[in-house]
Every structure is written in C-alpha cells, then in structure tokens.
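Q: Okay, here's what each chain looks like letter by letter:
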Amino acid sequence: MNLSQTILGVTFKNPTVLASGIWGITSSSWKQVAANGAGAVTTKSLWLKEHKGHPNPTVISNEHWTLNAVGVPDAGVEKAREEIAIYNKDKPVPLIANVIADTVENFAKTARAIGELDPDFIEINISCPNVEHEFGKPFACSAPDAAAVTKEVKTVCGKIPVFIKLSPNAEDIKAVAIACAEAGADGFTVINTVGPGMAIDLRSRMPILANKVGGLSGPGLKPIAVRCIADVYSATDGKLPIIGTGGVHTGEDAIEFLLAGASLIGIGTAIGTRGQDVFKKVCAEMSAWCEAEGVSELSELIGGMHRKMKN
Amino acid sequence: MNTQSQSRLPTTHRIVDIKQETDHVQTFTFNTSLGAKPGQFAMVWLPGVDEVPMSIAYDDGKQIRITFFAVGDMTKKLAKSAVGDLVGLRGAFGSNYEWEKGQKLALLAGGYGAAPMYFAAHEAIKDGCDVHVFVGARSKEHLLYLDELSSLKNVTLHVATDDGSQGFKGFNVQDINKVIKGGEKFDQLFACGPERMLVAVSQLSCDHQVPSQLSLERYMKCGYGLCGNCVVDPLGIRLCIDGPVVHNDVCVKITEFGKYHRDGVGRKIAF
Chain A
1 MNLSQTILGV TFKNPTVLAS GIWGITSSSW KQVAANGAGA VTTKSLWLKE
51 HKGHPNPTVI SNEHWTLNAV GVPDAGVEKA REEIAIYNKD KPVPLIANVI
101 ADTVENFAKT ARAIGELDPD FIEINISCPN VEHEFGKPFA CSAPDAAAVT
151 KEVKTVCGKI PVFIKLSPNA EDIKAVAIAC AEAGADGFTV INTVGPGMAI
201 DLRSRMPILA NKVGGLSGPG LKPIAVRCIA DVYSATDGKL PIIGTGGVHT
251 GEDAIEFLLA GASLIGIGTA IGTRGQDVFK KVCAEMSAWC EAEGVSELSE
301 LIGGMHRKMK N
Chain B
312 MNTQSQSRLP TTHRIVDIKQ ETDHVQTFTF NTSLGAKPGQ FAMVWLPGVD
362 EVPMSIAYDD GKQIRITFFA VGDMTKKLAK SAVGDLVGLR GAFGSNYEWE
412 KGQKLALLAG GYGAAPMYFA AHEAIKDGCD VHVFVGARSK EHLLYLDELS
462 SLKNVTLHVA TDDGSQGFKG FNVQDINKVI KGGEKFDQLF ACGPERMLVA
512 VSQLSCDHQV PSQLSLERYM KCGYGLCGNC VVDPLGIRLC IDGPVVHNDV
562 CVKITEFGKY HRDGVGRKIA F
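Protein sequence lines correspond, in order, to chains A and B.
Okay, so the first sequence: first residue is 1 according to my numbering, each after it adds one.
Okay, so the second sequence: first residue is 312 according to my numbering, each after it adds one.
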C-alpha cells in the first residue's frame with residue numbers, strides 16, 4: 001500500500017507526523033523519530049526569546065489519560081537556528097516548525113524568524129491550554145483573534161504554508177476555521193490538548209501538576225478530535241489540508257481521522273504506550289486495513305465520511 | 312496496547328526513617344516499593360515545590376530508599392523534611408545494571424553515586440558475583456555507604472579521596488587502574504558519579520578492553536519518554552528509557568558525553 005501523498009508541494013512518505021510538544025527539542029530527536037517511521041516531524045513550540053516552562057511534575061499519565069503542563073519551554077530562536085540547520089543538512093522527512101508567541105505582533109516576528117530557517121510548514125500554536133495564567137485565553141478561542149494572528153503571520157512567511165493549530169475549547173471551531181481561512185491560512189492542525197484538567201494527590205491533598213492544571217491527551221481524546229476535524233473540514237469545504245491530532249494510537253484510529261477529513265495524522269502521547277516505533281506500527285496497521293478493504297489510495301479515505309453523507 | 316509496570320502518576324508516601332549520611336546527604340526510607348532494579352531512578356516529588364529524578368538507593372519489594380545531596384532548591388527543601396512527612400514517588404524508570412551469575416564486577420562510585428552502587432552490590436552478590444567497590448569522594452567527610460558496603464559478603468571495598476584523608480589519595484579511577492595493572496581482571500565495570508568520572512571510566516574501559524555500564528544524568532521531566540528533554544546528541548536516544556545506565560559501546564557514540572548537557576529549555580550547558 002502506497003501511503004505517500006503530496007500536500008502543498010511537500011511530499012510525505014506516509015501520513016504520520018510527530019505532534020508538537022512530544023520529543024522534538026533537537027535535531028537528534030527529529031531524526032530518531034524519522035528513523036522510527038514518522039512521515040514528518042513537528043518541533044516543540046518555538047519562541048523568539050527564551051521562555052521558561054513550569055516546574056515538575058509537568059507530565060503525568062495513567063492508563064486512561066496523560067496530563068501535561070510543561071509550560072512551553074524553549075531557549076529561543078538561536079537554538080532553533082542551530083538545530084534546524086543540522087536537521088536540514090540531511091533531512092530524512094519534512095519538518096514542521098511550531099511557532100508560539102504572546103501577542104499578534106510577536107507571532108509575526110517569531111514566524112518571520114523561523115520562516116528564515118526554511119521549515120516545510122509553519123504551524124501556529126494559538127491553542128496551548130497550559131499558559132493561560134500568563135497570556136489569557138488562547139487566541140484560538142476567538143475567531144477575530146485567530147484571524148488576526150493568521151493574517152499577520154501570512155504576511156511574513158513567504159511561500160511556506162501556514163497551518164493554524166486550533167483548540168477544541170473554541171465555542172464555535174467552525175467559525176474560527178472560516179475566519180482563519182479567509183485570513184489566508186493554508187491548513188489547520190486539529191486539535192491541541194483538551195481541558196485543561198487537574199489531578200489531585202489524595203494524601204497530600206495537593207494538585208499533582210506544579211501548574212495545577214494541564215492539557216489532556218491520550219486515547220480518550222479521539223472522539224473530540226474526530227468531531228473537530230469533521231467540523232473544520234466541512235466548514236472549509238475540504239479545501240484546506242488538516243493535520244488531525246488527538247488520541248491516535250492505532251492504524252484504525254488514523255483511518256477514522258482520514259474519514260473525518262485529516263490528510264496527515266499527528267501522533268504524540270501514543271509513544272508512551274506503544275513505544276517510539278508507534279509510527280511504523282500505525283503505518284503497517286493502516287496498510288493492512290486498506291489492503292483488506294481494497295483501498296489503494298489515501299485520497300479515497302480523506303473526507304470519506306462527508307462524501308458518504310452527501311450520497 | 313502495552314501495559315506499563317511503572318507508575319507514571321506520583322503517589323505520596325510518609326517518610327518512615329531519615330539517616331543523616333554526611334553534612335549535606337540524607338537517606339529517606341519509605342514503606343513502599345517501585346519494584347526497582349539497581350541503576351533505575353524515581354521521580355521524587357515534594358508537593359507544591361518541584362519533582363526531580365533520583366537514583367534509587369535500595370528497593371527490596373517492601374521498602375524503598377533514596378539518598379540525596381541537598382544541592383538545589385528542591386533538595387534543600389526536601390532535606391528539611393521530618394519522619395512522617397509526605398513525599399511523592401513515581402517510577403521506577405529507565406535501564407538498570409546487568410550482570411551474569413558469578414561475574415567479577417568492579418563498581419565505581421563517585422560522591423552520592425555510592426548509594427545505587429550499594430544497591431547493585433547487594434543484588435549482584437546474590438548471583439554469586441565477586442564485587443569490588445571503588446568509592447571515591449573529595450575527602451573522608453564526603454564518603455558514603457562505607458559501613459553498608461563493608462557489611463556485605465563477597466564485596467571488597469576500595470576507598471579513594473582526592474585529598475588523601477582516607478584510603479588511596481586521588482580519584483577512584485586512578486585507584487582501579489592501578490589494581491587492574493597489578494593483575495586483577497574484571498568482567499565488567501559499573502560506574503555512577505560525576506560525568507568527568509564517567510569519561511575516565513569509559514576511557515579505562517576502552518584501554519583495558521573491559522565492558523562497562525555508566526549511569527548518565529540528564530535533565531528529566533516526564534521520566535517515561537514523552538517530553539524529550541533527556542535526548543542525547545547525536546543518537547537521539549532518551550536517557551529516561553535507554554538510560555540512565557548506558558553500555559560503554561553506546562556511550563562512546565554519544566558526542567555530548569562529557570562535553571555538555573541540556574537545561575530545562577533545551578539549551579546546551581557545558582560540563
């Protein structure tokens with residue numbers, strides 16, 4: 001089964017993508033993920049200047065969920081320049097640079113600086129749920145705010161496609177997607193983590209995460225992600241590519257995302273349960289499913305639910 | 312999906328015993344187990360403060376011990392704890408020291424690396440190993456676990472201090488080098504201590520063609536392979552999964568070994 005496709009001029013050997021926030025700090029990480037079968041890798045969120053994260057505990061899990069409030073730590077654009085340059089020397093798979101900032105103006109400044117490093121796509125993180133105490137409600141919760149970021153970022157990124165990472169917490173994710181599309185977005189990443197959620201240690205009666213709350217991920221997230229992908233796909237008439245992210249652990253999860261409208265599949269938390277070769281495993285499972293079902297091209301599946309419902 | 316034997320959520324436990332090892336080093340005991348093997352680490356959480364990785368000093372399935380040096384903000388606060396106070400533990404994470412029955416092992420411990428080495432010696436002698444432990448410290452006030460190590464059968468203790476205040480004057484790696492040159496043969500070397508000591512052990516391992524396993528310390532956040540903070544250049548392996556105990560044939564391929572590590576924002580920090 002050929003799992004490759006070309007999206008906005010970039011060829012992906014398969015649809016699995018390392019989601020932002022998992023691994024992704026260094027060139028060595030990205031290459032290791034590529035060696036484990038990922039079709040593309042996404043950097044951790046990149047800031048213009050150093051941004052400290054939260055103290056530990058920052059990432060905790062049980063069999064049902066993972067909560068994280070790492071707090072988007074990054075050393076700033078100089079480190080990104082060094083690491084992306086090393087990666088691009090013998091790039092095994094496309095690189096998606098995830099960009100974060102605190103204001104519309106700084107999103108543009110950061111995207112310009114990161115765009116100069118020649119990533120394949122730029123992904124704009126306007127939806128992180130665990131820095132709200134610093135920056136207020138994410139821009140992704142408001143259509144005008146999300147559009148304002150998109151418009152400014154698009155003016156500085158040249159030919160590099162810009163993906164806007166949306167939040168499941170938006171009151172109307174369709175309205176946010178439409179506003180971003182009208183402002184020039186080239187695609188979407190759907191969704192960021194859900195929540196935030198909280199976990200309490202019983203004996204100490206204290207919240208476990210140092211930040212008290214954190215974004216929820218893991219397999220239970222998948223139905224929310226599927227609904228959001230389907231909403232964004234239908235709101236934009238399937239014209240803009242979607243990186244579907246949230247709870248994917250198996251090839252069948254990935255197929256479901258494709259049917260909802262995703263073209264690429266973000267995988268993150270599943271590394272913790274299925275191992276670093278989860279990318280290879282998901283691709284093998286996708287191929288096996290497609291072969292059993294007589295599907296020969298991914299394009300038959302992408303947005304398949306929407307086409308079926310029209311018939 | 313695979314299931315994990317380790318706990319990825321911290322649970323708080325009451326400290327049942329505190330031993331003041333040296334001026335700045337204490338050992339806490341808890342009535343719980345993480346099923347840890349020698350060389351593995353736990354994330355140790357002081358609620359409301361921070362959580363840090365620590366080598367597990369002992370785990371017999373009923374009790375667990377941690378030995379720590381009060382050096383940073385969290386450990387200085389942890390050092391003020393009393394018996395009965397709550398501390399969170401999660402793990403056990405990472406790789407462990409591996410040996411075969413009846414092997415002759417040399418364990419090199421620098422500073423508070425003596426704690427996990429005591430655990431390794433304690434378990435290895437159950438497999439009939441002949442264990443030599445080379446404990447090193449700046450001076451005799453900083454030596455750890457000498458009484459515990461001396462109490463073990465089939466363990467030969469070698470002590471080295473930088474200032475010569477007890478035992479061999481110099482580094483423990485110089486001491487073992489002398490012992491090997493004197494004709495002792497070891498099947499494996501295990502080491503836990505400062506990275507410059509590990510570099511010396513790695514070199515010794517190459518020079519004498521003796522396999523070694525080294526415990527590397529990197530900034531840990533999640534402890535189970537998600538956050539990526541402990542990934543080393545250029546291999547891209549996560550030291551919370553493929554470490555902290557790394558075989559020297561892998562270690563020599565880690566170009567940052569002995570040169571730099573990364574802080575909480577991923578910036579390179581030279582040793």
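Heads up, some of the hints might be wrong.
Said to hold, decoys possible - Here are the computed lysine-lysine pairs in the BS3-like style, where the Cα-Cα straight-line distance is at most 30 Å:
#1 A/K91 - B/K570
#2 A/K212 - B/K492
#3 A/K281 - A/K222
#4 A/K52 - B/K570
#5 B/K570 - A/K79
#6 A/K31 - A/K212
#7 A/K52 - B/K391
#8 A/K281 - B/K387
#9 B/K464 - B/K492
#10 A/K281 - A/K89
#11 A/K109 - A/K239
#12 A/K31 - A/K13
#13 A/K91 - B/K464
#14 B/K564 - A/K280
#15 A/K79 - B/K496
#16 B/K387 - A/K212
#17 A/K109 - B/K387
#18 B/K570 - A/K89
#19 B/K492 - A/K79
#20 A/K52 - B/K492
#21 B/K564 - A/K13
#22 B/K564 - A/K31
#23 A/K52 - A/K91
#24 A/K89 - A/K31
#25 A/K89 - B/K564
#26 A/K91 - B/K387
#27 A/K212 - A/K79
#28 A/K89 - B/K579
#29 A/K79 - A/K174
#30 A/K31 - B/K464
#31 A/K222 - A/K79
#32 B/K579 - A/K31
#33 A/K49 - B/K570
#34 B/K391 - A/K212
#35 B/K496 - A/K52
#36 B/K496 - B/K464
#37 B/K579 - A/K49
#38 B/K391 - B/K464
#39 A/K52 - B/K388
#40 B/K579 - A/K212
Because the hints were derived from the structure by calculation, they are not lab data.
It should be emphasised that the depicted structure is a prediction, and the values quoted were computed from it without experimental measurement.
Q: Hints first: check each against the structure and report whether it holds.
A: Comparing the hints with the structure gives:
Pair hint A/K91 plus B/K570 holds up; C-alpha atoms about 25 Å apart against a cutoff of 30 Å. At most 30 Å may separate the alpha-carbon atoms for a hinted pair to count; A/K212 and B/K492 exceed this at roughly 56 Å. Taking the CA atoms of A/K281 and A/K222, the gap is about 18 Å. The hint holds against a cut of 30 Å. The straight-line distance between the Cα atoms of A/K52 and B/K570 is roughly 23 Å, inside the 30 Å bound, and the hint therefore holds.
With a C-alpha separation of about 17 Å, the suggested pair B/K570 and A/K79 falls inside the 30 Å cut-off, and the hint holds. Taking the CA atoms of A/K31 and A/K212, the gap is near 33 Å; set against the 30 Å cutoff, the hint is violated. Taken as a hint, the A/K52 and B/K391 pair is honoured in the structure, with Cα atoms around 27 Å apart against an allowance of 30 Å. Taking the CA atoms of A/K281 and B/K387, the gap is near 45 Å; set against the 30 Å cutoff, the hint is violated.
Restraint check for B/K464 and B/K492: satisfied, since their Cα atoms lie roughly 25 Å apart, inside the 30 Å limit. With a C-alpha separation of about 28 Å, the suggested pair A/K281 and A/K89 falls inside the 30 Å cut-off, and the hint holds. Between the alpha carbons of A/K109 and A/K239 the distance comes to roughly 28 Å, so the proposed pair stays at or under 30 Å and holds. Of the supplied pair hints, the one linking A/K31 and A/K13 holds, its CA atoms being roughly 15 Å apart against a limit of 30 Å.
Between A/K91 and B/K464, the direct Cα distance comes to roughly 55 Å. Violation of the 30 Å bound is thereby established for this hinted pair. Restraint check for B/K564 and A/K280: satisfied, since their Cα atoms lie roughly 25 Å apart, inside the 30 Å limit. Distance hint between A/K79 and B/K496 is unfulfilled; the C-alpha atoms sit about 46 Å from each other, more than 30 Å. Restraint check: the Cα-Cα separation between B/K387 and A/K212 comes to about 22 Å, which is no more than 30 Å; the hinted pair holds.
Between A/K109 and B/K387 the CA atoms are separated by roughly 40 Å; this puts the pair beyond 30 Å, and the hint is violated. Taking the CA atoms of B/K570 and A/K89, the gap is about 23 Å. The hint holds against a cut of 30 Å. Note on B/K492 and A/K79: the hinted pairing is violated, with a Cα-Cα distance of about 45 Å set against a maximum of 30 Å. At most 30 Å may separate the alpha-carbon atoms for a hinted pair to count; A/K52 and B/K492 exceed this at roughly 49 Å.
With a C-alpha separation of about 29 Å, the suggested pairing of B/K564 with A/K13 holds against the 30 Å cut-off. With a CA separation close to 16 Å, the supplied pair B/K564 and A/K31 stays within the 30 Å bound. A C-alpha spacing of about 28 Å is found between A/K52 and A/K91, which places the hinted pair at or below 30 Å, so the restraint holds. For the proposed pair A/K89 and A/K31, the alpha carbon gap of about 11 Å is at most 30 Å, so the pair holds.
Using a Cα cut-off of 30 Å, the hinted pair A/K89 and B/K564 holds, with the two alpha carbons roughly 20 Å apart. Between A/K91 and B/K387 the CA atoms are separated by roughly 44 Å; this puts the pair beyond 30 Å, and the hint is violated. Between the alpha carbons of A/K212 and A/K79 the distance comes to roughly 29 Å, so the proposed pair stays at or under 30 Å and holds. Our distance criterion of 30 Å between C-alpha atoms is met by A/K89 and B/K579, whose separation comes to about 20 Å.
Simply put, A/K79 and A/K174 have alpha-carbon atoms about 36 Å apart, too far for the 30 Å limit, and the pair is violated. Proposed proximity of A/K31 and B/K464 is contradicted: the alpha carbons are some 47 Å apart, above 30 Å. Restraint check for A/K222 and A/K79: the C-alpha separation of about 33 Å exceeds 30 Å, so the hint is violated. Restraint check for B/K579 and A/K31: the C-alpha separation of about 18 Å stays at or below 30 Å, so the hint holds.
At roughly 25 Å between alpha-carbon atoms, A/K49 and B/K570 fall within 30 Å of each other, so this suggested pair holds. The suggested pairing of B/K391 with A/K212 holds, with an alpha-carbon distance near 24 Å, which does not exceed 30 Å. Annotation: proposed proximity of B/K496 to A/K52 is violated, straight-line Cα distance about 49 Å (limit 30 Å). As the CA atoms of B/K496 and B/K464 are separated by approximately 19 Å, the hinted pair is consistent with the 30 Å bound.
Taken as a hint, the B/K579 and A/K49 pair is honoured in the structure, with Cα atoms around 15 Å apart against an allowance of 30 Å. For a cut-off of 30 Å, the pair hint linking B/K391 to B/K464 is broken: about 35 Å separates their Cα positions. Note on A/K52 and B/K388: the hinted pairing holds, with a Cα-Cα distance of about 21 Å set against a maximum of 30 Å. A hinted pair counts as satisfied when its Cα atoms are at most 30 Å apart, and B/K579 with A/K212 qualifies at roughly 29 Å.
Hint compliance for this structure: hints 2, 6, 8, 13, 15, 17, 19, 20, 26, 29, 30, 31, 35 and 38 are not met, and every other hint is.
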